[in-house]
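K.L.:
Sequence:
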Amino acid sequence: DLVAMQANKKGLELTYSVSGDVPAHVVGDDTRLRQVLVNLLTNAVKFTERGEVNLRLHAEPVTLPGSSGDGCAPAEGPCEMLLQFEVQDTGIGIPADRQSRLFSSFSQVDTSTTRRYGGTGLGLAISRRLVEMMGGTIWLESDGIPGHGTTFHVRLT
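Residue numbers for the sequence shown, in the numbering used here: 1014 to 1170.
Treat each hint with caution, since some may be false.
Label-pair distances were calculated between CB atoms; the ranges are [claimed, not checked]: (1) G1160 / T1076: 34 to 42 Å; (2) C1092 / D1043: 18 to 26 Å; (3) I1139 / T1164: 16 to 24 Å; (4) R1111 / H1038: 25 to 33 Å; (5) R1114 / A1037: 36 to 44 Å; (6) D1043 / I1158: 34 to 42 Å; (7) K1023 / L1095: 30 to 38 Å; (8) V1075 / K1023: 17 to 25 Å; (9) C1092 / R1069: 33 to 41 Å.
Since the hints were derived computationally from the structure, they do not count as laboratory data. Please read these numbers as outputs of a predicted model, since none were measured by experiment. All C-beta atoms, glycine included, are put in the ideal place defined by N, C-alpha and C.
Start from the sequences and build out the full structure, keeping to the hints where you can.
P.N.:
What follows is the structure in C-alpha coordinates.
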(Lines of atoms letter the chains of each structure in order from A and count residues from 1; the text may use other names and numbers.)
(Lines give C-alpha, C1' and ligand atoms only; values in the text may rest on other atoms or scores of the structure.)
Protein backbone atom coordinates (compact mmCIF):
# COMPACT_ATOMS: atom_id res chain seq x y z
CA ASP A 1 0.00 0.00 0.00
CA LEU A 2 1.05 3.61 -0.56
CA VAL A 3 1.72 4.45 3.10
CA ALA A 4 3.94 1.38 3.56
CA MET A 5 5.90 2.29 0.42
CA GLN A 6 6.44 5.85 1.66
CA ALA A 7 7.57 4.61 5.08
CA ASN A 8 9.92 2.05 3.53
CA LYS A 9 11.43 4.68 1.23
CA LYS A 10 12.25 6.85 4.29
CA GLY A 11 13.54 3.89 6.31
CA LEU A 12 10.74 4.20 8.87
CA GLU A 13 9.28 1.28 10.76
CA LEU A 14 5.51 1.07 10.20
CA THR A 15 3.77 -1.11 12.78
CA TYR A 16 0.24 -1.89 13.84
CA SER A 17 -1.39 -3.69 16.72
CA VAL A 18 -4.97 -4.77 17.26
CA SER A 19 -5.92 -5.64 20.83
CA GLY A 20 -7.82 -8.82 21.54
CA ASP A 21 -10.93 -6.87 22.55
CA VAL A 22 -11.59 -5.74 18.95
CA PRO A 23 -14.40 -7.78 17.38
CA ALA A 24 -13.72 -9.66 14.14
CA HIS A 25 -16.53 -7.75 12.40
CA VAL A 26 -17.84 -4.24 12.93
CA VAL A 27 -20.55 -2.26 11.18
CA GLY A 28 -19.55 1.17 9.96
CA ASP A 29 -18.52 3.30 7.02
CA ASP A 30 -15.33 1.59 5.87
CA THR A 31 -14.69 4.13 3.08
CA ARG A 32 -14.70 7.13 5.42
CA LEU A 33 -12.75 5.27 8.08
CA ARG A 34 -10.12 4.24 5.54
CA GLN A 35 -9.79 7.85 4.34
CA VAL A 36 -9.26 9.10 7.91
CA LEU A 37 -6.65 6.43 8.66
CA VAL A 38 -4.82 7.00 5.38
CA ASN A 39 -4.75 10.78 6.05
CA LEU A 40 -3.36 10.27 9.56
CA LEU A 41 -0.81 7.64 8.52
CA THR A 42 0.32 9.64 5.47
CA ASN A 43 0.84 12.74 7.64
CA ALA A 44 2.72 10.71 10.24
CA VAL A 45 5.09 9.33 7.61
CA LYS A 46 5.48 12.74 5.93
CA PHE A 47 6.48 14.52 9.15
CA THR A 48 8.74 11.76 10.51
CA GLU A 49 12.37 11.70 9.39
CA ARG A 50 13.52 8.73 11.48
CA GLY A 51 12.00 6.22 13.83
CA GLU A 52 8.56 4.77 13.51
CA VAL A 53 4.87 5.20 12.91
CA ASN A 54 2.48 3.01 14.91
CA LEU A 55 -1.22 2.32 14.42
CA ARG A 56 -3.04 0.84 17.40
CA LEU A 57 -6.67 -0.23 17.66
CA HIS A 58 -8.58 -1.22 20.74
CA ALA A 59 -12.23 -1.50 21.70
CA GLU A 60 -14.52 -1.68 24.68
CA PRO A 61 -18.23 -2.40 25.02
CA VAL A 62 -20.48 0.61 25.42
CA THR A 63 -22.69 0.44 28.50
CA LEU A 64 -26.14 1.59 27.49
CA PRO A 65 -28.41 3.50 29.91
CA GLY A 66 -30.49 1.07 31.97
CA SER A 67 -28.13 -1.87 31.41
CA SER A 68 -26.35 -3.84 34.12
CA GLY A 69 -23.07 -2.05 33.37
CA ASP A 70 -21.30 -5.27 32.40
CA GLY A 71 -21.05 -4.37 28.72
CA CYS A 72 -22.62 -7.00 26.53
CA ALA A 73 -22.36 -10.75 26.30
CA PRO A 74 -21.94 -12.61 22.99
CA ALA A 75 -25.07 -14.66 23.73
CA GLU A 76 -27.09 -11.43 23.71
CA GLY A 77 -26.17 -10.81 20.07
CA PRO A 78 -24.31 -7.83 18.58
CA CYS A 79 -23.45 -5.01 20.92
CA GLU A 80 -22.30 -1.44 20.54
CA MET A 81 -18.54 -0.97 20.84
CA LEU A 82 -16.31 2.04 21.29
CA LEU A 83 -13.38 1.78 18.88
CA GLN A 84 -10.26 3.85 19.39
CA PHE A 85 -7.50 4.23 16.81
CA GLU A 86 -4.18 5.82 17.68
CA VAL A 87 -1.58 6.89 15.13
CA GLN A 88 1.69 7.67 16.89
CA ASP A 89 4.90 8.88 15.27
CA THR A 90 8.40 9.97 16.26
CA GLY A 91 8.24 13.02 14.01
CA ILE A 92 8.66 16.76 14.37
CA GLY A 93 5.97 17.23 17.01
CA ILE A 94 3.43 20.04 17.16
CA PRO A 95 3.87 23.00 19.53
CA ALA A 96 0.96 23.41 21.96
CA ASP A 97 0.14 26.93 20.74
CA ARG A 98 -0.41 25.64 17.20
CA GLN A 99 -2.36 22.45 17.84
CA SER A 100 -5.86 23.95 17.80
CA ARG A 101 -5.39 25.33 14.26
CA LEU A 102 -4.48 22.00 12.69
CA PHE A 103 -8.06 20.84 12.21
CA SER A 104 -8.97 24.02 10.27
CA SER A 105 -8.95 24.03 6.46
CA PHE A 106 -5.70 25.08 4.76
CA SER A 107 -3.86 25.12 8.09
CA GLN A 108 -0.41 23.77 8.84
CA VAL A 109 1.88 24.41 11.79
CA ASP A 110 3.57 27.31 9.96
CA THR A 111 4.70 28.39 6.50
CA SER A 112 8.11 26.78 6.87
CA THR A 113 6.34 23.43 7.37
CA THR A 114 4.42 23.95 4.13
CA ARG A 115 7.63 24.80 2.25
CA ARG A 116 9.54 21.83 3.63
CA TYR A 117 6.88 19.10 3.59
CA GLY A 118 4.29 20.35 1.10
CA GLY A 119 0.58 19.64 1.33
CA THR A 120 -2.56 21.73 1.32
CA GLY A 121 -3.51 21.61 4.98
CA LEU A 122 -6.85 19.95 4.19
CA GLY A 123 -6.22 16.38 5.38
CA LEU A 124 -6.88 16.93 9.07
CA ALA A 125 -9.88 19.20 8.44
CA ILE A 126 -11.40 16.53 6.20
CA SER A 127 -10.56 13.82 8.72
CA ARG A 128 -12.20 15.75 11.55
CA ARG A 129 -15.35 16.28 9.50
CA LEU A 130 -15.54 12.60 8.52
CA VAL A 131 -15.01 11.45 12.12
CA GLU A 132 -17.73 13.83 13.33
CA MET A 133 -20.09 12.58 10.60
CA MET A 134 -19.56 9.08 12.00
CA GLY A 135 -20.42 10.35 15.50
CA GLY A 136 -16.85 10.27 16.77
CA THR A 137 -14.11 12.54 18.04
CA ILE A 138 -10.53 13.18 16.96
CA TRP A 139 -7.76 14.87 18.92
CA LEU A 140 -4.01 14.95 19.23
CA GLU A 141 -1.30 14.87 21.87
CA SER A 142 2.17 16.33 21.35
CA ASP A 143 4.68 18.10 23.55
CA GLY A 144 6.08 19.90 20.49
CA ILE A 145 9.59 18.52 20.93
CA PRO A 146 11.10 17.20 17.67
CA GLY A 147 11.62 13.45 17.87
CA HIS A 148 8.97 13.04 20.57
CA GLY A 149 6.35 13.04 17.84
CA THR A 150 2.60 13.23 17.94
CA THR A 151 -0.27 10.87 18.68
CA PHE A 152 -3.61 11.32 16.94
CA HIS A 153 -6.62 9.63 18.54
CA VAL A 154 -9.89 8.72 16.83
CA ARG A 155 -12.78 7.46 18.95
CA LEU A 156 -15.91 6.02 17.32
CA THR A 157 -19.03 4.32 18.70
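K.L.:
State for each hint whether it applies.
P.N.:
Each hint, compared with the structure:
no., hint, result
1, G1160 / T1076: 34 to 42 Å, "39 Å, holds"
2, C1092 / D1043: 18 to 26 Å, "19 Å, holds"
3, I1139 / T1164: 16 to 24 Å, "19 Å, holds"
4, R1111 / H1038: 25 to 33 Å, "39 Å, violated"
5, R1114 / A1037: 36 to 44 Å, "39 Å, holds"
6, D1043 / I1158: 34 to 42 Å, "35 Å, holds"
7, K1023 / L1095: 30 to 38 Å, "33 Å, holds"
8, V1075 / K1023: 17 to 25 Å, "38 Å, violated"
9, C1092 / R1069: 33 to 41 Å, "22 Å, violated"
In summary, the structure is inconsistent with hints 4, 8, 9 from the numbered list given earlier, while agreeing with the others.
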